[in-house]
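Heads up: the sequence lines are chains S and H, in that order. Heads up, the first sequence is in my numbering, so the first residue is 1 and it goes up one at a time. Heads up, the second sequence is in my numbering, so the first residue is 1001 and it goes up one at a time.
In case anyone wonders, no lab produced these hints; they're calculated from the structure. Treat the hints with care, since some could be wrong.
Said to hold, decoys possible - Under the rule of at most 27 Å between Cα atoms (straight-line distance), these lysine-lysine pairs were calculated in the DSSO-like manner:
1) 242/S / 1031/H
2) 584/S / 1031/H
3) 550/S / 573/S
4) 1031/H / 264/S
5) 515/S / 31/S
6) 261/S / 1031/H
7) 1031/H / 380/S
8) 380/S / 326/S
9) 265/S / 1031/H
Stated by the list, open to error - Label-pair ranges, simulated between beta-carbon atoms:
10) 1047/H / 48/S: 26 to 32 Å
11) 181/S / 1031/H: 45 to 51 Å
12) 1002/H / 265/S: 43 to 49 Å
13) 241/S / 1015/H: 23 to 29 Å
Every residue gets a Cβ at the ideal spot worked out from N, C-alpha and C, and that includes glycine.
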Amino acid sequence: MSTAAYQVALLGNPNSGKSTVFNQLTGLHQKIGNFPGVTVDKRLGHTKLDNSTSIVVIDFPGTYSLFPVSQDERIVVSTFLNPADENYPDLVLYVADVTNLERQLLLLTQIRDLGLPVILALNMMDLADKAGIHCDTKTLSELLNVPVVSISGRSGENIPDLKRAILTQIRSSEKLHTLDPFYKFSGPEEKTVALISENFGLTNDYRSKMLAHHYDWLPFLTTNQRVFIKNAIEQSGFENLKLQIRETMQRYDRFIPIAQKAIKKSDQKPVSLTDRIDRFTLHPILGPVIFFLLMMIVFQAIFSWSSYPMDWIEIGFGSLSGWVQKLLPPGWLTDLLTEGILSGLGGIIVFVPQIAILFLLISVLEEVGYMARAVFIFDKLMQKFGLNGRSIVALISGGACAIPAIMSTRTISNWKERLITILVTPLISCSARIPVYTVLIGFVVPSVTVGGLFNLQGLAFMGLYLLGIVAALSAALVFKLILKTEEVSYLMIELPPYRLPLFRNIILTVWEKVKTFVLEAGKIILIISIILWFMASFGPPAAMKQAEIKAEETAKSLALSKKETENLLTANKIEASYAGLIGKGLEPLIQPLGFDWKIGIALVTSFAAREVFVSTMATIYSIGSDDDEWSVRKRMAVEINPKTGMLMYTRATALSLIVFYVFAMQCMSTLAVVKRETRRWKWPIIQFLFMSSLAYLASFSVFQLFS
Amino acid sequence: MASKLMAMGILPGIFIEIVRVAPFRGGYCLKVTGQKIALRYSEAACILVE
């Protein structure tokens, strides 16, 4: 195979139904990649046109024009201006919503002027029929001079026609750049373009004009080329912004009459259902109330519905590893398999229900058209914290689990706002903190009823959640001041008409999110959990041997039962292991927080997941692995600090530990997801450091204050 | 800003209807040729209304 695959770019305005068409064309044959150098998602899929021809379809971000304002839109411009780009298309499939065609012709005519072969797919013909809109595709095709096919991405109607049109285009050798351009240059443009076209050897003058508009950021230009274009512009008096407006105006003046000629609308204009719904959803008071009700449902769903499948997964993996343990001879290899790999895999799969449920609900809200409203409602509020209207969804779902929450930030197009959302979301108390809070609150807060209504422990719980929220918003404020970006923040968002969600699109989204998590973040989680297993089970051989002997001697002298001996053995072993060594090494560092080396070990192992804290404490106190929260708490209550001879878990220590878990980034899975979403190790490392320092400082102050 | 507004269909001489003001005084919801568009106050400030 020497011929490169035929590449078709899917392009169109946001809300044109582009993704639905993409799903229709490619079905499950899709891959997610990203455009070089940026964290913009690139969806790529294959489709068969006939028995012998298969094409690659690339879904480009929704774009309004070739004058970009966001990172997403810049991708389109830098790809379409550079024939050497790996994603440079052989053909552009331009999707437009036929119920609102006029505005969408702007980008189409720009692409056409670039000399790229274009097919116009008029989407949503089913809705157009209902709204009494009729489009004369033949006239439209003649006037615009591009092939036009009317389709319905929702029902799949005429998709075969579309494929046939693509096939015809592939087979025809006729190139479009001989066409009359839509836009006529002014004097300064002609001069600039002549200079650039000659120097760069370009045959398409509109491409030269685009280089003149965007030379200062286009990544594929060399410094010399940039200097040349800059000089050309200055020589010819090329005024960037003025000419952008001139071009836009002229294009509108030319294609509006075309659209009006081709499209016949019936006159009646009833108050649409969308307007009626918006009266409630955009209402100053009802709007936020409706939003919070919806979010309560989402939160409740991730929090409680997912607990059943999560329990099944945990039990399933537990019995699987028990079965493997029985089947294989005891030894480190079996341990690696059961405690390292299987528990690591279980730790990955256990997040799948939460991810699936969150994205199921979010994509329903997105498909229906509600999300744009939520963004509009909360934009101002979130803006104050350097966040985006969409961040509120991530922050709320972070209350269940930070992992799906962070994955949901994809839809925030401004990079800085997205990054801040990712960085602060783990500060919101997630469900994995609950077991830790439960054990520790029992120490500090008596279970009494106050005001005849509230349980004091419950109030303390709520206080911890509030503490997390305040921390997240304050951290966002700080990041807003620190992080710099040249990207301008925009709201300017379309509120699309409400539509019934498409089941197919939703399932594809859920599938894609789950797949990405398991494959990409899963790798990192598995590696870390094997490392953690190794550190907790191995130590310097001599020390490990000694721990074993000591445990046996103690057991003999105290006449312990078999089970008690085993528990003592594991306790002594973890003390002698590398994790134990690290815990002891940490002791001087964490002593000011009121922690001893035993807590140090638990801090290391609970990096796998916060709830591991409880089971590690159980192991250290040789209670056995039944990790019952009550027995752990009972044992901790009588622990004596060898240095002071007093109780180890004073109020100060317990409070300090609670506060530590509110702030600390004790979750490798979250870090793995942050790495995957930001494409770099830089951000998870920064996140780990800032959250750990925050936790340290907070614990330190709390301990010093109360002891 | 101007070219983005124009790309979204807010053209000189066009009829604009303010449908709503967002809660928390967040911005405007405009209606332009049947399409609803949400803008911040600062973004809407670029539009000259007669």
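Hint check results:
1. For the given pair, residue 242/S sits about 26 Å from residue 1031/H by alpha-carbon distance, which is consistent with the 27 Å threshold.
2. With a C-alpha separation of about 65 Å, the suggested pair residue 584/S and residue 1031/H falls outside the 27 Å cut-off, and the hint is violated.
3. For the given pair, residue 550/S sits about 10 Å from residue 573/S by alpha-carbon distance, which is consistent with the 27 Å threshold.
4. This hinted pair checks out: residue 1031/H and residue 264/S have alpha carbons roughly 21 Å apart, not beyond 27 Å.
5. At roughly 10 Å between alpha-carbon atoms, residue 515/S and residue 31/S fall within 27 Å of each other, so this suggested pair holds.
6. With a C-alpha separation of about 23 Å, the suggested pairing of residue 261/S with residue 1031/H holds against the 27 Å cut-off.
7. Between the alpha carbons of residue 1031/H and residue 380/S the distance comes to roughly 20 Å, so the proposed pair stays at or under 27 Å and holds.
8. For the given pair, residue 380/S sits about 59 Å from residue 326/S by alpha-carbon distance, which is inconsistent with the 27 Å threshold.
9. Between residue 265/S and residue 1031/H the CA atoms are separated by roughly 18 Å; this keeps the pair inside 27 Å, and the hint holds.
10. For the hinted restraint 26 to 32 Å between residue 1047/H and residue 48/S, the CB-CB distance of approximately 48 Å leaves it violated.
11. The hinted window of 45 to 51 Å between residue 181/S and residue 1031/H is violated, with their beta carbons roughly 33 Å apart.
12. For residue 1002/H and residue 265/S, the Cβ-Cβ distance of about 29 Å falls outside the hinted range of 43 to 49 Å, so the restraint is violated.
13. Range check, residue 241/S to residue 1015/H: Cβ separation about 25 Å, and the 23 to 29 Å hint holds.
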